[in-house]
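Model the full structure from these sequences, guided by the hints.
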Amino acid sequence: MHEPATSETTMVSVAETADTSVVAAAVSIRGVSKSFDGTEVLRDVSMEVAPGEVVSILGSSGSGKSTLLRCINWLETPDRGEIHIAGDRIGMSDTGKPMSRRELAGMRSRLGMVFQSFNLWPHLSVLRNVTEAPIHVQGCSKAEAGERAMALLEKVGMAHKCDAFPYTLSGGQKQRVAIARALAMQPKVMLFDEPTSALDPELVGEVLAVIKDLSKEGYTMVIVTHEMEFARAVSDQVVFLDKGIIIEKSPPEEFFVTPKTDRVRRFLELEAPTA
Amino acid sequence: MDSSAWGMLMQGAWTTAWISATSIAIGVVLGLLVALVRLARIPVVHQVLGLYISIARATPLVTLVLFIFLTAPTMGIHLNRNVAGILALTLNTTAFNAEIWRSAFNNFSKEQREAAMAIGMTPWIYFRRIMLPQITITSLPGLVNEMSFLIKGSPAIAVIGIVDLTRVTNRISAVTYDPLPPILAAAVIYMGIISLLVWLQRIAERKANRLAV
Amino acid sequence: MSNWEILWDSRGVFLNGFYTTLQLFGMSAVLAFLAGCGIVFLLEGSRPRLRVPLRIFIDGMRMLPFLILAYLLYYGLPSTGIRLSAWQAGMIALVSYHGAYFAEILRGCRLTLPAGQVEAAIAQGFSMPGMYLRIVLPQLVLSARALIGNQLIILLKDTAFLVIITVRELTAAANSLSSTYFIPMEAFIVVIGFYWLISIGLEQGIKIIGRFGAKRGFNNA
Numbered sequence: 002m003h004e005p006a007t008s009e010t011t012m013v014s015v016a017e018t019a020d021t022s023v024v025a026a027a028v029s030i031r032g033v034s035k036s037f038d039g040t041e042v043l044r045d046v047s048m049e050v051a052p053g054e055v056v057s058i059l060g061s062s063g064s065g066k067s068t069l070l071r072c073i074n075w076l077e078t079p080d081r082g083e084i085h086i087a088g089d090r091i092g093m094s095d096t097g098k099p100m101s102r103r104e105l106a107g108m109r110s111r112l113g114m115v116f117q118s119f120n121l122w123p124h125l126s127v128l129r130n131v132t133e134a135p136i137h138v139q140g141c142s143k144a145e146a147g148e149r150a151m152a153l154l155e156k157v158g159m160a161h162k163c164d165a166f167p168y169t170l171s172g173g174q175k176q177r178v179a180i181a182r183a184l185a186m187q188p189k190v191m192l193f194d195e196p197t198s199a200l201d202p203e204l205v206g207e208v209l210a211v212i213k214d215l216s217k218e219g220y221t222m223v224i225v226t227h228e229m230e231f232a233r234a235v236s237d238q239v240v241f242l243d244k245g246i247i248i249e250k251s252p253p254e255e256f257f258v259t260p261k262t263d264r265v266r267r268f269l270e271l272e273a274p275t276a
Numbered sequence: 007m008d009s010s011a012w013g014m015l016m017q018g019a020w021t022t023a024w025i026s027a028t029s030i031a032i033g034v035v036l037g038l039l040v041a042l043v044r045l046a047r048i049p050v051v052h053q054v055l056g057l058y059i060s061i062a063r064a065t066p067l068v069t070l071v072l073f074i075f076l077t078a079p080t081m082g083i084h085l086n087r088n089v090a091g092i093l094a095l096t097l098n099t100t101a102f103n104a105e106i107w108r109s110a111f112n113n114f115s116k117e118q119r120e121a122a123m124a125i126g127m128t129p130w131i132y133f134r135r136i137m138l139p140q141i142t143i144t145s146l147p148g149l150v151n152e153m154s155f156l157i158k159g160s161p162a163i164a165v166i167g168i169v170d171l172t173r174v175t176n177r178i179s180a181v182t183y184d185p186l187p188p189i190l191a192a193a194v195i196y197m198g199i200i201s202l203l204v205w206l207q208r209i210a211e212r213k214a215n216r217l218a219v
Numbered sequence: 254m255s256n257w258e259i260l261w262d263s264r265g266v267f268l269n270g271f272y273t274t275l276q277l278f279g280m281s282a283v284l285a286f287l288a289g290c291g292i293v294f295l296l297e298g299s300r301p302r303l304r305v306p307l308r309i310f311i312d313g314m315r316m317l318p319f320l321i322l323a324y325l326l327y328y329g330l331p332s333t334g335i336r337l338s339a340w341q342a343g344m345i346a347l348v349s350y351h352g353a354y355f356a357e358i359l360r361g362c363r364l365t366l367p368a369g370q371v372e373a374a375i376a377q378g379f380s381m382p383g384m385y386l387r388i389v390l391p392q393l394v395l396s397a398r399a400l401i402g403n404q405l406i407i408l409l410k411d412t413a414f415l416v417i418i419t420v421r422e423l424t425a426a427a428n429s430l431s432s433t434y435f436i437p438m439e440a441f442i443v444v445i446g447f448y449w450l451i452s453i454g455l456e457q458g459i460k461i462i463g464r465f466g467a468k469r470g471f472n473n474a
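Residue numbers (our numbering), protein chains in the order written: chain A, 2 to 276; chain B, 7 to 219; chain C, 254 to 474.
Just so you know, the hints here were simulated from the structure itself, not pulled from any lab data. If a hint is listed, it holds; no wrong ones were tucked in.
Result set (DSS-like, lysine-lysine): computed pairs, CA atoms no more than 30 Å apart in a straight line:
1. A:Lys217 - A:Lys162
2. A:Lys213 - A:Lys244
3. A:Lys156 - A:Lys213
4. A:Lys261 - A:Lys244
5. C:Lys468 - A:Lys156
6. A:Lys261 - A:Lys217
7. C:Lys460 - A:Lys162
8. A:Lys213 - A:Lys189
9. C:Lys468 - A:Lys162
10. A:Lys213 - A:Lys250
11. C:Lys468 - A:Lys143
12. A:Lys217 - A:Lys189
Computed spacing ranges between beta-carbons, pair by pair:
13. A:Ser142 - C:Ile462: 23 to 33 Å
14. C:Thr333 - B:Ile48: 52 to 62 Å
15. A:Gln187 - C:Ser299: 24 to 34 Å
16. B:Arg216 - A:Arg266: 46 to 56 Å
17. C:Pro367 - B:Arg208: 19 to 29 Å
18. B:Gln17 - C:Gly298: 40 to 50 Å
Backbone N, C-alpha and C define an ideal beta-carbon position, used for all residues, glycine too.
This is the structure we're talking about:
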């Protein structure tokens, strides 16, 4: 965009690009509240994730961190508040009506989600797990989806298992395939919901290494985790959630070294005495 | 439908009930015997019973009823319709019951045998007092389920002219010229009988589950 | 001429009956299975609109003998002005009756499917039909294969009931041959043999799906 604009159309498009880049955070959460059976799990939560930023959400169990993550792709419907993905509101159309299933599916395909329990589809091979949504949701050709999938499986170190079925894999391998599956949709944002909580301790490292690599490649990521060392190493921002309220948001060095609140200090002493 | 039509319907229901009940009673006991003999794995007998079960499970009841009723006279046996009907239903349900009993035996824990022998029980007392009561409870849900299937299959006996709850609707409509009401009434009676069995099955399942814990 | 030779000479009657039975069985099996899949799809989601009527339909069918349904359609419906041929009535009865049973089998299996699998599909942007068709249904079929096989055999046997409402199927063929030539034993042995063979074929088919499932870690349900 260094060349001077020579025609009107170029000028318009430059203006538009400039405009959205100013406005659109990758994820913008505004005033989100959510209750289950009368218990408030999220209370008026607001936060932003800039493009390319890695944000970790920490908090003790029951603090609402998983619910917050699941609200981002509307797996949970917030009672109040708005969530925007790269400037577009998810869940509600501009007129304030709930989105149609089709519109919602379109929004969701811009978000990659990695679950605690992997949720691979057992009847499909590793490769088909990765290509299924690109082919049948995005309408990619089989060849293109297959090529993309193999590249991603290579990236997570699972290319050699492309013809295996999920039940033959270890938990760490399953989770790496699940990460490749989420990446295959070329999402704008990756969401990780406690990606290592269901893994045996010796398998945690391989999954965290893959996520760390992704953070270096400039992916926008929101990660709910219990791994303090990991959060410290990969995050640009750490968000601490307690009883449904964000009580701290700061860069990791600040968060782990000089926490602002007693609550976080106590949490860190319990969870990561060495950190 | 007038009172005589209802009377006929009730007679049909009674026919279905007693023929089915007789076949169920014989079929449950015979099924247990077949299962026990199969567990003994006596050469030839084992294979013959296996073949019987395989064929009986694949043969439609209607076909079996006709086969028995039409074939018996050619061998010089004169079967009353009701006996032919009971025979067919029994041959059918025994095969299914034998498999239900057999799987209960196969799933029975072997450790209890050692405990029984250790306190000096004879094999017969062990079978009669320890094994059979438990196996009856675990088999019961399956057996009751098979009873529902037998009731649902019982209209097959209409094909040889037994006036059961299904066939009686033809008789009634021959008089009233309106087949719909008796058929609907018969359907409701069947639903009553089967929902009773489904209810019993649920109770049996609860009992069986308690045993499993 | 021996009884078996008489049968051989009238093999055309058998073959016609065999053909009619296979036709009834094949068409109704496919349609009933699709109906079952369709019903379970309509029951997807947290608050399916048709839940109550579908439940009543499924439970109602499961409490009726098949023949009384066939009676209702063939003898009962003409009272309301709808007149079906025996074949049509039989076909509709087979499809609706066994459709309800297939629906119940698949529904029971659907309850045991981990919720996360469906969530993963939704998170990847699958539409409801796409998710059901590609993620849910294949797994239901793989894990319920034994029950589906059983139901197919019951369906095959239920086609024989239709002889009572005058459909000219396989059992009807044996019945008419045995009364024409008075050779019931031979005629019925052949027919029972036919049913047995189809059942064994079905069981083999289920075993093949079983190998397909075992490769994916689906053990016998």
